[in-house]
Amino acid sequence: MEIKVTQLTKDYGRYRALDDITFQIPEGMFGLLGPNGAGKTTLMRILTTLLTPTSGQVQIGRYDLLRDAGEIRQRLGYLPQDFGFYRSLSAWEILDYIATLKNVPTRQRKDQIQTVLTEVNLLAEARRKVGSFSGGMRQRLGIAQALLGQPELIVVDEPTAGLDPEERIRFRNLLARLAERRTVLLSTHIVADIEASCSRVAVLNHGRLIFNGSPQELMEQARGMVWRAAVPIESWGEYEQRFPVLASRSVNGRMEARLLSEHAPAPDSQPAEPGLEDGYVAVMQSAARKQAVRHA
Amino acid sequence: MPEHSLLLSRFGKSFITELRLLVVHWGYALLHLAWTALLVGMFVGKDGRSAQALLETSLGRLAIGLISLAGLFLAGLSASRAQRSRFVDMESSFPTGFEVTAGRWLAGVLVLCLLLVEPVGVAALRGPLASLLVGLPFFIGEAALTIAFTMAFAWVLVTWFQPGRWVYPLLAAGWLAFLLGPSILTGMLPSTSLFNFMRQGVSFYSELWGRLVYGAQPLWFNLFYAGLLLAALVLAALRVHLHRFHRPLAWVGALLLVALVTAGWGGLRYTEQVQAVQTSAPFGPAASTPAPYTVEAYDITLDLRDPSLPRFAAEVAARNTSDADLAELTFTLNPDLAVTDTDVAQEGGLVRVRLDAPLAPGATTRATLHYQGAPRVEILEEGVVEATDFIDPRGVRLTPQAAWYPVPNGTSPAPGLHDPAKMQIRVLNAGDLRFGANLPPVGENTFAAEGAQWVFLAGSPNLALEQVGGNALVTSQTELPRAHQLLDSFNQPLSALKQFFPDVPLHGLVLMVLGEERGLPEGTLPSAGYPVVVLPAYRLSAVPYEELNVGQLHTIVEALMTDVWRLGGGPLDSREGRVSGLQMAFDQSVTFLTKYLWTGGDSATMQADFQALIGPSTETADSVYQALLDVYANQGEAGVVRALAQMRAHGSELREMPYDALPNWVRQAAPMEAP
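Protein sequences, first through last, are from chains A and B. Going left to right, the first sequence walks through residues 1 to 296 as our numbering numbers them. Going left to right, the second sequence walks through residues 1001 to 1675 as our numbering numbers them.
If you are wondering where the hints come from, they were derived from the structure by calculation, not from laboratory data. Treat each hint with caution, since some may be false.
Computed footprint of chain A on chain B; a stretch qualifies when at least three of its residues, placed anywhere within it, have a C-beta under 8 Å from a C-beta of chain A [stated by the list, open to error]:
(1) 1021-1029
(2) 1034-1041
(3) 1081-1093
(4) 1640-1654
Since the model is a prediction, treat every value here as computed from it, not as a measurement. Every residue gets a Cβ at the ideal spot worked out from N, C-alpha and C, and that includes glycine.
Please construct the entire structure, taking both the sequences and the accompanying hints into account.
Structure (structure tokens):
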């Protein structure tokens, strides 16, 4: 289910949360990156029909966002970043409720609930009240509900937050498997999640789309700009001021660091192979520079 | 699955889930417990109304009022639950519409309707079952309508404006405003009673006539709120649809129009009726002089062969009390009753009967009037229209103020009241209606008495009329067992009183155990030989005579003695303004006779009770009571009989007498007999 976003703008009063965004989300798994306040959640809330755009168009499959909101919801699985359930209901009851609202046929409802509970490893806790669930269990239940109704589009906002590493990997794999047959839009701060599973990624900053491409292309944004350097501790403060630090550790009175720079930051610095995180930082730095130029 | 099946499925699931969330909660169980305790504490064994009357009045009104308040809060809780549980984003992404809101609203309505179990249970404890079964559909229906409307209103408020928690005190304040506002405003704007959505206005309930008293007003009231309920639901649907689908529902306009027309029509008819009663004028011109003649005898026949057109025949024996010849007799008669005699002139509320020959002073003549019609007299009680008089196939209620039989047109102490006359009333072709009156029965649906000044004719399929010894008992079938007990409580004091009024012929008592009867003359004047007591069924506890407390006994003695006093020719004053010496003497005589009955005539105990009442002061207050005690202690019952007879005979003298002169007057009125 391909998504076409055209000149999308969203204003909250005088504050512009999304600014003339145009891009496409193809089938498969699509990652959305960006700092807090970049507009990720606003974009996701628009794509999930919770918000109406100020201007612009969104086409999801063959459906227009405003005209066919009901059709889109019928094909949607959504896991918001901040969510809860009715605490006095059991996991099974809440999924049964949601499945009904999602128009899952009565005969398939039980099987689907069992399947999604198995997927998120909660089948044994099906009869337990949601109010007694840990944060991780609640998160897994949230994922389970998003899978109900076999949606063609799954939108997940920070889905692995609160999950332990094992569960996170399990869930990442689940999403990757689901994305074989549908579109999965994943918003996350955990770059590793995107690196491991997304075929496309977009970066938002201050409501603008500053990158849209494959994870490999995002990584390439930092090629030739990532350096490994060992810096005396006494001059480390100066380096921190001058260069974006990608990683650092103290070894024998010196700071060994990965730095982002167009030129070698120190005489003995060595060029390093960029990662996705480096690409993301490079894109953000580039956007910040362009914005500074615009303001100047 | 077809879309309508899916819609129904989503509606059902949201209904069931909301029901589950509301009911399976400790707060709901606690609410039922507190509710039960409140109602049991307030009503069980403390309100003598029948089950139906309880549901129509005190208990039912309290229940509907408080549940409607709970409804406002519950709707707020339900409407904001998804938000509070942070489930709202998830839920908003589901392919749903108004059906989810509707399901939740309906669940809330059902949950609150379950709180009607307690009042119905309390009413069932009171019984009887037949009364409960008659009252139940009305109570459940109207309570459900009020609850549904209240919750729909709150849902609309929350869905349109999505207010914060501050809305709860606002809702409570609004509820209070609608509770008190109409009550306060009905004096100036009676129609505001329409806005008393929780039905807390005045409620006169009659076991005999039920809702006949209110006519079509409950229907218009309910229609008004049914329309508003529909409008609220349509508005909520519109809001949800606009919010979720960014376009209005196609059918909203039409449905909203239907809702508003329904509400408007109901409201308009309701207020029209209120205004009609408000502006209605009394019958005919008020007379400023006494009538020049008196009617010495009435023989009235009411024929109900055609219930829609009752026919009356009234034969009167009139005596000229003036000192001039009379050419015509002018009567007051309800203008809704059309005189059918061609030789009789009717002008509004006046009927002029031309006499064949002038009637000489002191002479008597007979005249017969034929008239027909079904008058309905309505009054406003705190903005609510109530009928005091009507003739309907389902019941008849005729009081003196309806002027349903011809009364000489002259000044009168009360509307419809006339000089004492020999009276006979007959009802023909009554169908399933049973009749009773303030006159003793002398045959089937026939009542007669000497010296009657008014007639209250009551007909209902539920009426019970029994002759118990010389007494006539008029009540509803429902209240018959209680009324029997009450008759016993009245009969024993009446027998005891006879010895203190040996000169007053007392044949029996007419006891009418009914509702809060309107339109009757103050004090319900007796007919010759027959004290008349009209009593709301629930006013006195129906306990055996031996178990009455002194307060209850005082009430009974006062009611009886008022009539016996009058029958013995004793005057009485109105209780308005300053209490006259006459009234003071009467009141203390009542207290004396009450104490006499309470102590079995033990003068020492009566004296001790009196001392206990006035305290240990050395300056013992003198009073008529003390004087009667002294007379009784010295001369026994015979002395008291003499004192009471003197008080009745010299009423006008007592009227102007200072209070402190009364005791000695009483002592001197019953001089010690020479040994």
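Exercise for the section: Can you take a look at whether the stretch 1081-1093 of chain B is actually covered by chain A? Rule is 3+ residues, C-beta closer than 8 Å. Expected result: holds (count 9)
Problem - 8 Å C-beta criterion, at least three residues: is the stretch 1640-1654 of chain B covered by chain A - result: It is violated, with 0 qualifying residues against the three required.
Problem - 8 Å C-beta test of the stretch 1021-1029 of chain B against chain A, three or more residues - result: holds (count 3)
Practice task
Quick one: see if chain A covers the stretch 1034-1041 of chain B, three-plus residues with Cβ-Cβ under 8 Å.
Solution key: It is violated: at least three residues are needed, and the stretch 1034-1041 of chain B offers just 0 whose Cβ sits closer than 8 Å to chain A.
Hints 2, 4 from the list above are not met by this structure, while the remaining hints are.
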